[in-house]
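Chains as they are written, first to last, in the numbering used here: chain X, 1 to 390; chain L, 391 to 472.
One or more of the hints may lead you astray.
To be verified - Taking lysine to aspartate or glutamate and the EDC-like style, the derived pairs with C-alpha atoms no more than 16 Å apart in a straight line are:
#, chain 1, residue 1, chain 2, residue 2
1, L, K397, L, D408
2, X, K388, L, E442
3, X, K388, L, D445
4, L, K397, L, D445
5, X, K388, L, E460
6, X, K388, L, E436
Stated by the list, open to error - For each label pair, taking beta carbons as the anchor points, the in silico distance ranges come out as:
#, chain 1, residue 1, chain 2, residue 2, range
7, X, R32, L, E442, 53 to 63 Å
8, X, E194, L, L433, 39 to 49 Å
9, L, R446, X, S2, 49 to 59 Å
10, X, N324, L, I407, 31 to 41 Å
11, X, D108, L, K397, 45 to 55 Å
12, L, R404, X, I137, 15 to 25 Å
13, X, R111, L, E436, 29 to 39 Å
14, L, D440, X, S2, 30 to 40 Å
15, X, S282, L, A470, 29 to 39 Å
16, L, T416, X, P174, 44 to 54 Å
17, L, D440, X, N324, 27 to 37 Å
18, L, I407, X, R375, 25 to 35 Å
19, L, E394, X, E331, 41 to 51 Å
20, X, A261, L, E469, 52 to 62 Å
To be verified - Here chain L is said to cover these stretches of chain X; the calculated rule only asks that three of the stretch's residues, wherever they fall, bring their Cβ under 8 Å from a Cβ of chain L:
#, stretch
21, 314-322
22, 376-383
Simulated from the structure, these hints should not be mistaken for laboratory data.
Note that beta-carbon positions come from the ideal geometry of N, C-alpha and C, so glycine has one too.
Now for the letters of each chain:
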Amino acid sequence: MSVAVERDQALLDGVRAIADEVAAPNADAVDRDARFPVETITALREQQALSAFVPTELGGGGVSFEALAGACFELGQRCGASAMVFAMHQIQVATIVRHLDDAPWFEDYLRSVVAEQRLIASVTSEIGTGGDMGRSIASVEPAGDGLGRFEKQAPTVSYGAYADDLLTTLRRSPEAEPGDQVCVLTSRDQHSLEPTGSWDPLGMRGTCSPGNVLRAELPLEQILPTQFARVMNESMVPISHILWSHLWLGISTDAFERARAFVRAAAKRKPGEPLPAAIRLSELMSELSLLRAEVSSGLREFLDASAGDRSRLSEMASILRFNNLKIAASEQAPRVCQGALGVCGIVGFKNDTPFSVGRHLRDTMSACLMVANERIHQTNASLLLIAKDV
Amino acid sequence: MTEEISKIIAEHGRLSIDVAGLAPDTDLYQAGMTSHASVNVMLALEDHFDIEFPDRMLKRSVFESIGSIEAALVELQSEAVA
Numbered sequence: 001m002s003v004a005v006e007r008d009q010a011l012l013d014g015v016r017a018i019a020d021e022v023a024a025p026n027a028d029a030v031d032r033d034a035r036f037p038v039e040t041i042t043a044l045r046e047q048q049a050l051s052a053f054v055p056t057e058l059g060g061g062g063v064s065f066e067a068l069a070g071a072c073f074e075l076g077q078r079c080g081a082s083a084m085v086f087a088m089h090q091i092q093v094a095t096i097v098r099h100l101d102d103a104p105w106f107e108d109y110l111r112s113v114v115a116e117q118r119l120i121a122s123v124t125s126e127i128g129t130g131g132d133m134g135r136s137i138a139s140v141e142p143a144g145d146g147l148g149r150f151e152k153q154a155p156t157v158s159y160g161a162y163a164d165d166l167l168t169t170l171r172r173s174p175e176a177e178p179g180d181q182v183c184v185l186t187s188r189d190q191h192s193l194e195p196t197g198s199w200d201p202l203g204m205r206g207t208c209s210p211g212n213v214l215r216a217e218l219p220l221e222q223i224l225p226t227q228f229a230r231v232m233n234e235s236m237v238p239i240s241h242i243l244w245s246h247l248w249l250g251i252s253t254d255a256f257e258r259a260r261a262f263v264r265a266a267a268k269r270k271p272g273e274p275l276p277a278a279i280r281l282s283e284l285m286s287e288l289s290l291l292r293a294e295v296s297s298g299l300r301e302f303l304d305a306s307a308g309d310r311s312r313l314s315e316m317a318s319i320l321r322f323n324n325l326k327i328a329a330s331e332q333a334p335r336v337c338q339g340a341l342g343v344c345g346i347v348g349f350k351n352d353t354p355f356s357v358g359r360h361l362r363d364t365m366s367a368c369l370m371v372a373n374e375r376i377h378q379t380n381a382s383l384l385l386i387a388k389d390v
Numbered sequence: 391m392t393e394e395i396s397k398i399i400a401e402h403g404r405l406s407i408d409v410a411g412l413a414p415d416t417d418l419y420q421a422g423m424t425s426h427a428s429v430n431v432m433l434a435l436e437d438h439f440d441i442e443f444p445d446r447m448l449k450r451s452v453f454e455s456i457g458s459i460e461a462a463l464v465e466l467q468s469e470a471v472a
């Protein structure tokens with residue numbers, strides 16, 4: 001085995017063990033109490049999994065993007081909220097890694113992510129932008145002495161209270177247009193979060209994502225050099241859609257497995273008797289395989305596009321492709337979970353049986369809201385007018 | 391050609407500044423052109439110059455300034471002649 005393959009395998013083995021031994025036994029409590037999955041994140045830190053994607057030159061794990069996606073799938077099978085926190089953190093890490101442009105401050109920062117296993121959350125949404133990540137209202141205001149400051153009204157900040165650092169999108173300056181954005185990294189001692197609401201949602205309860213007013217003051221070198229428009233198209237959006245869809249696939253796969261276990265148990269109880277649930281399970285398998293195919297082809301196409309000239313990811317055809325992955329996976333995942341509920345019946349509906357799939361269904365129902373599908377359809381509708389080969 | 395491009399941008403780009411003040415390399419997106427407005431600019435350019443932008447050109451960097459749009463159009467027109 002090559003060193004690269006070994007590194008990937010070590011991450012996947014480690015994350016799988018954490019998923020089974022730590023995330024799974026805590027998943028119900030995390031969901032019930034809407035609390036941060038602290039045990040899972042602590043275990044991931046101990047495995048150095050938070051810096052798995054940081055290049056080895058900077059001391060990180062140097063794993064492939066494919067391995068990262070696989071890790072999201074593994075965690076998703078055991079605890080959707082843990083998987084989402086892990087995925088969102090890795091989206092920020094991957095974004096910084098891919099757009100460092102030799103900025104010394106960010107290289108040093110990634111070294112500290114390795115050494116201190118710092119957890120990064122993001123503040124990309126903003127009240128008043130209609131859910132459009134490509135526009136900001138808040139801006140970096142000069143504060144003298146090479147410092148900047150900002151205040152941003154965020155409708156949700158996932159695990160913001162538990163993160164060491166925040167990656168925030170802002171207008172470049174008070175004069176800049178809404179679409180002229182930059183990414184800014186601040187640490188806990190440079191920013192404050194003032195919660196503006198409570199957190200008692202239907203699903204993904206462990207992500208702890210209430211609204212917040214974020215205020216910060218920071219040295220200007222903590223602004224990522226690359227224009228956010230490029231960062232967004234080449235990395236943040238496609239990577240988000242791929243990692244999210246992998247964890248949604250993980251949740252759906254576990255719901256399917258629970259349905260399968262239910263049918264097997266029924267077959268053992270009454271051998272030889274007709275089993276209507278078995279037919280429904282077969283139907284469900286074809287729904288799951290559609291989801292799996294979409295998720296894996298999305299990953300493959302992203303890897304191909306990233307291997308060559310990364311600017312291909314900025315082409316409209318590519319933007320449409322990964323927007324479609326998000327829409328398709330976010331609609332298909334709850335469909336699979338609901339199908340699993342149909343197979344299991346009342347024992348699936350109850351929250352305390354080995355065949356419970358209520359959490360799975362509720363968690364995947366958040367998928368269509370994370371960058372609202374409606375909003376993505378609006379973008380696609382416009383791009384479809386001009387894109388050629390889609 | 392530059393003038394024709396400017397006219398199309400004035401009509402469809404929804405800039406926050408006057409098109410007359412644009413240099414060939416002024417960033418149109420920084421001047422307030424949204425992604426949605428840029429699609430309308432592209433459609434109008436295709437219509438006016440009777441060309442089709444291939445997918446490889448349908449990205450932000452090609453439409454970010456009058457100069458980059460002109461370079462793309464020249465390339466397409468020279469391809470059409472060849």
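Results for each hint:
| no. | hint | in the structure |
| --- | --- | --- |
| 1 | K397/L to D408/L | holds, 11 Å |
| 2 | K388/X to E442/L | holds, 9 Å |
| 3 | K388/X to D445/L | holds, 6 Å |
| 4 | K397/L to D445/L | violated, 24 Å |
| 5 | K388/X to E460/L | violated, 20 Å |
| 6 | K388/X to E436/L | holds, 12 Å |
| 7 | R32/X to E442/L: 53 to 63 Å | holds, 56 Å |
| 8 | E194/X to L433/L: 39 to 49 Å | holds, 44 Å |
| 9 | R446/L to S2/X: 49 to 59 Å | violated, 33 Å |
| 10 | N324/X to I407/L: 31 to 41 Å | holds, 35 Å |
| 11 | D108/X to K397/L: 45 to 55 Å | holds, 49 Å |
| 12 | R404/L to I137/X: 15 to 25 Å | holds, 18 Å |
| 13 | R111/X to E436/L: 29 to 39 Å | violated, 48 Å |
| 14 | D440/L to S2/X: 30 to 40 Å | violated, 52 Å |
| 15 | S282/X to A470/L: 29 to 39 Å | violated, 54 Å |
| 16 | T416/L to P174/X: 44 to 54 Å | violated, 20 Å |
| 17 | D440/L to N324/X: 27 to 37 Å | holds, 30 Å |
| 18 | I407/L to R375/X: 25 to 35 Å | holds, 27 Å |
| 19 | E394/L to E331/X: 41 to 51 Å | holds, 43 Å |
| 20 | A261/X to E469/L: 52 to 62 Å | holds, 60 Å |
| 21 | 314-322 | holds (count 4) |
| 22 | 376-383 | holds (count 3) |
Of the numbered hints listed earlier, those contradicted by the structure are 4, 5, 9, 13, 14, 15, 16.
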